[in-house]
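The lines below spell out each chain.
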Amino acid sequence: EAGVTQFPSHSVIEKGQTVTLRCDPISGHDNLYWYRRVMGKEIKFLLHFVKESKQDESGMPNNRFLAERTGGTYSTLKVQPAELEDSGVYFCASSPQDRYGYTFGSGTRLTVV
Amino acid sequence: AQTVTQSQPEMSVQEAETVTLSCTYDTSESDYYLFWYKQPPSRQMILVIRQEAYKQQNATENRFSVNFQKAAKSFSLKISDSQLGDAAMYFCAYRSANTGNQFYFGTGTSLTVIP
Chain D
3 EAGVTQFPSH SVIEKGQTVT LRCDPISGHD NLYWYRRVMG KEIKFLLHFV
53 KESKQDESGM PNNRFLAERT GGTYSTLKVQ PAELEDSGVY FCASSPQDRY
103 GYTFGSGTRL TVV
Chain X
143 AQTVTQSQPE MSVQEAETVT LSCTYDTSES DYYLFWYKQP PSRQMILVIR
193 QEAYKQQNAT ENRFSVNFQK AAKSFSLKIS DSQLGDAAMY FCAYRSANTG
243 NQFYFGTGTS LTVIP
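Residue numbers (the numbering used here), protein chains in the order written: chain D, 3 to 115; chain X, 143 to 257.
Source of the hints: derived by calculation from the structure; they are not laboratory data.
The list that follows gives simulated cross-link-like pairs (lysine-lysine, DSSO-like), each with its CA atoms no further than 27 Å apart:
#: 1; chain 1: D; residue 1: K80; chain 2: D; residue 2: K56
#: 2; chain 1: X; residue 1: K197; chain 2: X; residue 2: K220
#: 3; chain 1: X; residue 1: K212; chain 2: X; residue 2: K197
#: 4; chain 1: X; residue 1: K215; chain 2: D; residue 2: K46
#: 5; chain 1: D; residue 1: K56; chain 2: D; residue 2: K43
#: 6; chain 1: D; residue 1: K17; chain 2: D; residue 2: K43
#: 7; chain 1: D; residue 1: K17; chain 2: D; residue 2: K80
#: 8; chain 1: D; residue 1: K80; chain 2: D; residue 2: K46
#: 9; chain 1: D; residue 1: K46; chain 2: D; residue 2: K56
#: 10; chain 1: D; residue 1: K43; chain 2: X; residue 2: K215
#: 11; chain 1: X; residue 1: K220; chain 2: D; residue 2: K43
#: 12; chain 1: D; residue 1: K43; chain 2: X; residue 2: K212
#: 13; chain 1: D; residue 1: K80; chain 2: D; residue 2: K43
#: 14; chain 1: D; residue 1: K53; chain 2: D; residue 2: K80
#: 15; chain 1: D; residue 1: K46; chain 2: D; residue 2: K17
#: 16; chain 1: X; residue 1: K220; chain 2: D; residue 2: K46
#: 17; chain 1: X; residue 1: K215; chain 2: X; residue 2: K197
#: 18; chain 1: D; residue 1: K46; chain 2: X; residue 2: K212
Derived coverage of chain X by chain D (criterion: at least 3 residues anywhere in the stretch with Cβ under 8 Å from a Cβ of chain D; other residues may be distant):
#: 19; stretch: 182-195
#: 20; stretch: 243-257
From the derived model, a few chain D residues whose C-beta atoms are all more than 10 Å from chain X:
#: 21; residue: F9
#: 22; residue: G30
#: 23; residue: A69
#: 24; residue: Q82
#: 25; residue: E85
#: 26; residue: E87
Please read all numbers here as calculations on a predicted model, not as lab measurements. For glycine and all other residues, C-beta sits at the position ideal for the given N, C-alpha and C.
Put together the whole structure using the sequences plus the hints.
Here is the structure:
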């Protein structure tokens with residue numbers, strides 16, 4: 003089966019610009035998660051979708067971040083306007099109803115300059 | 143809140159030798175899962191091994207095994223007969239069995255395998 007796909011793999015934007023990251027989960031996976039790793043630090047949870055609904059968005063850093071999941075399929079994470087501290091690697095993961103099967107994507111490396 | 147600590151930012155091992163990566167965690171829960179994930183450069187993060195906290199027996203997956211010490215809240219990963227393909231960033235992670243689906247990760251250990 004196809005894995006979790008994220009794109010772009012890399013993005014370099016200027017401070018103040020907008021960037022949209024996309025995640026395509028494994029087909030049939032109801033659960034979709036976003037995580038972020040700031041350089042040298044731990045990977046931190048951002049939010050969790052169950053189908054198209056936000057189950058838990060407690061990790062979203064501020065209102066410059068907006069996540070959506072259209073029709074319970076792919077998800078986007080928009081950062082507007084981007085700040086320097088938003089730089090990092092953004093990971094997406096998906097799982098079926100079974101909580102064990104948690105598959106990660108390769109991540110999007112975002113650099114804000 | 144749960145925290146996961148990996149105290150070794152970088153490790154290296156000679157090919158064919160054995161290396162142990164350390165991980166400790168803090169939780170007040172009794173039922174949880176622990177994981178080691180591996181991320182090769184620019185590639186997908188993949189699950190290496192998983193341990194259920196209620197199981198006393200240490201998990202093993204081929205050359206990968208863990209030393210799970212529940213009382214000490216320690217979860218180290220041993221890689222035997224290291225191969226060049228083992229070079230990657232390794233993340234230790236915790237997940238509650240009862241509350242929420244999110245993972246708590248450590249800061250990672252970068253493993254270099256020397257030919």
